[in-house]
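First residue of the sequence shown? That's 2 in the working numbering, and the numbers climb one at a time after it.
Keep in mind that the hints are not guaranteed to be accurate.
Below, a list of computed lysine-lysine pairs in the DSS-like style, where the Cα atoms sit at most 27 Å apart [stated by the list, open to error]:
no., residue 1, residue 2
1, K516, K550
2, K318, K284
3, K311, K224
4, K549, K564
5, K555, K565
6, K516, K572
7, K359, K384
8, K311, K265
9, K30, K226
10, K509, K519
11, K491, K519
12, K565, K524
13, K550, K566
14, K226, K284
15, K491, K432
16, K460, K519
17, K565, K550
18, K460, K516
19, K519, K572
20, K491, K572
21, K460, K432
22, K524, K462
23, K460, K491
24, K564, K550
25, K549, K572
26, K570, K550
Honestly, the hints are just simulated from the structure, not real lab data.
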Amino acid sequence: MDSQHIRNFSIVAHIDHGKSTLADQLLLKTGAITQREFRDQILDDLDVERERGITVKARTVAIYHKYKGETYELNLIDTPGHVDFHYEVSRSLAACEGALLLVDAFQGVQAQTVANAYAAIGADLTIIVVLNKIDLPVIRADEVLDEIETVIGLDASEALRVSGKAGINIESVLDAIVERIPAPVGDPEAPLRALIFDSKYDNFRGVLTYVRVREGTIRPGQKIKFMEGGGTYDVLDVGQFRPNMVTCPQLGPGQVGYICAGIKNLAAVRVGDTVTDFHNAAKTPLPGYQVPQHMVFCGMYPIDATDFEKLREELSKMRLNDASFNFQPETSDALGFGFRCGFLGMLHMEIIQQRLEKEAEIDLIQTAPNVTYELLLTNGVEKRIDNPQEVPTDGTIAEFREPIAKVNFILPVDAIGSIMQLSEDRRGTYKGTEYLGTQRAQLIYELPLSEVVYDMHDKLKSVTRGYGTMDYEIIGFRAADLVKMDILVKGNRVDALSTIVHRSMAEKRGRNLCKRLKNEISKHLFEIAIQAAIGMRIIARETISAVKKNVTAKCYGGDISRKKKLWAKQKEGKKRMKQFGEVEIPQKAFLTVLDTSED
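Build out the structure end to end from the sequences listed, making use of the hints.
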């Protein structure tokens, strides 16, 4: 198709503002799906997406719209709204020329609305403001449009008023996409350059590579080369998503689709790489993407040690489908062989774990997550660590630095005091307040990332009765008085339970953690001491008493010396068991580190 009749656009919004519902209506109105095929969130095809009601993966689909007698190909990319999947959004925006900024007509501008709008502006996209959910009985459309102009700085005078659920004004959205979003530019005769923006593994066809063609043309039978990865392959099939996979004769400039080249090596495909023709190669690759910063790490270990290789293979497939996820092998004295996995946030971590357990059917033990820290050693060397086990214990740390996040809260005015108190308790630094109207305000704080990622979102929703939202970005590292806290069970350090905490909170955290572990670890035939330690200094202790057996039950009367002999024998046996017995630590105990409710 001629590139003048192609439009590439993305839908960006805060979570739950109706992106997937609007995408469903666009597919229905253009005939991409029939009324019989129609179901809510048709593009959310992962089980975890349908269970949680959120979009996790960006999905692409080609739809066709008639405008003034001519047919246009509209390539839509539906994106996630949660802060943890912002990298998915940034990748999708790089494949587009325009974006629909969707705003709820009642809730108005929220934290991720601002973040995603700025990402689209930064990518130099044409933005169409769309006010959604106008069918609600109570809306505040004019106030919301004022918020868009005040907070984001976009002209909202030509905003479209629609309802994705009721199907109101959907035609006007399709017309606006054709009218306002520029057509892609690219020479079909130039050497092929196509950007890989996603990929997934198919058990029958190997790696399917999702591309946006910038220049040139790609056809079945063509020999291609990955400019960064270096692999060469013969194209077996090219096609588009409409929304199911449909084979096409070719993909030209501006088109979005998939390539099947029988690739079996999962490491061969990298998101951000450039595909070119092997015989007529382009001189320079496309810019690609910034490497995502993994800020949350945790260990994942198979409960059954024989599942180790299966887990490695499934993690490789997961990384292929999710470029913001990474992993590397590690070993633990307590848990054996496993992998250290990097994520963009806690929800991202939960989704990956849930997909591994449900899709791959692997039983996992997951260690407590921690963020990345930076160390300045006494010899002047700077070192980044993502595992508490890497903290030196020989006194060579000159400065211990933690990541700092700039957190943007949007919340009701009456909750400002509570959120300020919550942020101050978590060592936050106040930066400013901006009122978005009489009822809502934007509050900005700088907080340690470790205090944000665990449960800040849950606490915010609790304090604001569900009306508060937050967005954060990492702004750098800052020196703090941090220490590594070890947990000892029966005198042995359990490396999977080690954490890095602020010194002022170490004693309280240690005491609470020991109490929770005491409730999780079952009683054994010998006494078990649970201790929290900083270096060689014990800061907290709890004791699990031994399972008691009445060894003198069979003694009826008689000399007391007989009972004393039996008690002494029992005591000797328990002492021997304490020396050689092993303590079984259940999986739930490894997640008690996360529970900071009592801290």
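Consistency of the hints with the structure:
no.: 1; hint: K516 with K550; verdict: holds (25 Å)
no.: 2; hint: K318 with K284; verdict: violated (31 Å)
no.: 3; hint: K311 with K224; verdict: violated (32 Å)
no.: 4; hint: K549 with K564; verdict: holds (15 Å)
no.: 5; hint: K555 with K565; verdict: holds (13 Å)
no.: 6; hint: K516 with K572; verdict: holds (26 Å)
no.: 7; hint: K359 with K384; verdict: violated (37 Å)
no.: 8; hint: K311 with K265; verdict: holds (16 Å)
no.: 9; hint: K30 with K226; verdict: violated (38 Å)
no.: 10; hint: K509 with K519; verdict: holds (16 Å)
no.: 11; hint: K491 with K519; verdict: holds (12 Å)
no.: 12; hint: K565 with K524; verdict: holds (25 Å)
no.: 13; hint: K550 with K566; verdict: holds (15 Å)
no.: 14; hint: K226 with K284; verdict: holds (12 Å)
no.: 15; hint: K491 with K432; verdict: violated (46 Å)
no.: 16; hint: K460 with K519; verdict: holds (26 Å)
no.: 17; hint: K565 with K550; verdict: holds (15 Å)
no.: 18; hint: K460 with K516; verdict: holds (23 Å)
no.: 19; hint: K519 with K572; verdict: holds (22 Å)
no.: 20; hint: K491 with K572; verdict: holds (17 Å)
no.: 21; hint: K460 with K432; verdict: holds (20 Å)
no.: 22; hint: K524 with K462; verdict: violated (37 Å)
no.: 23; hint: K460 with K491; verdict: violated (35 Å)
no.: 24; hint: K564 with K550; verdict: holds (13 Å)
no.: 25; hint: K549 with K572; verdict: holds (11 Å)
no.: 26; hint: K570 with K550; verdict: holds (12 Å)
Violated hints for the displayed structure, listed by number in ascending order: 2, 3, 7, 9, 15, 22, 23.
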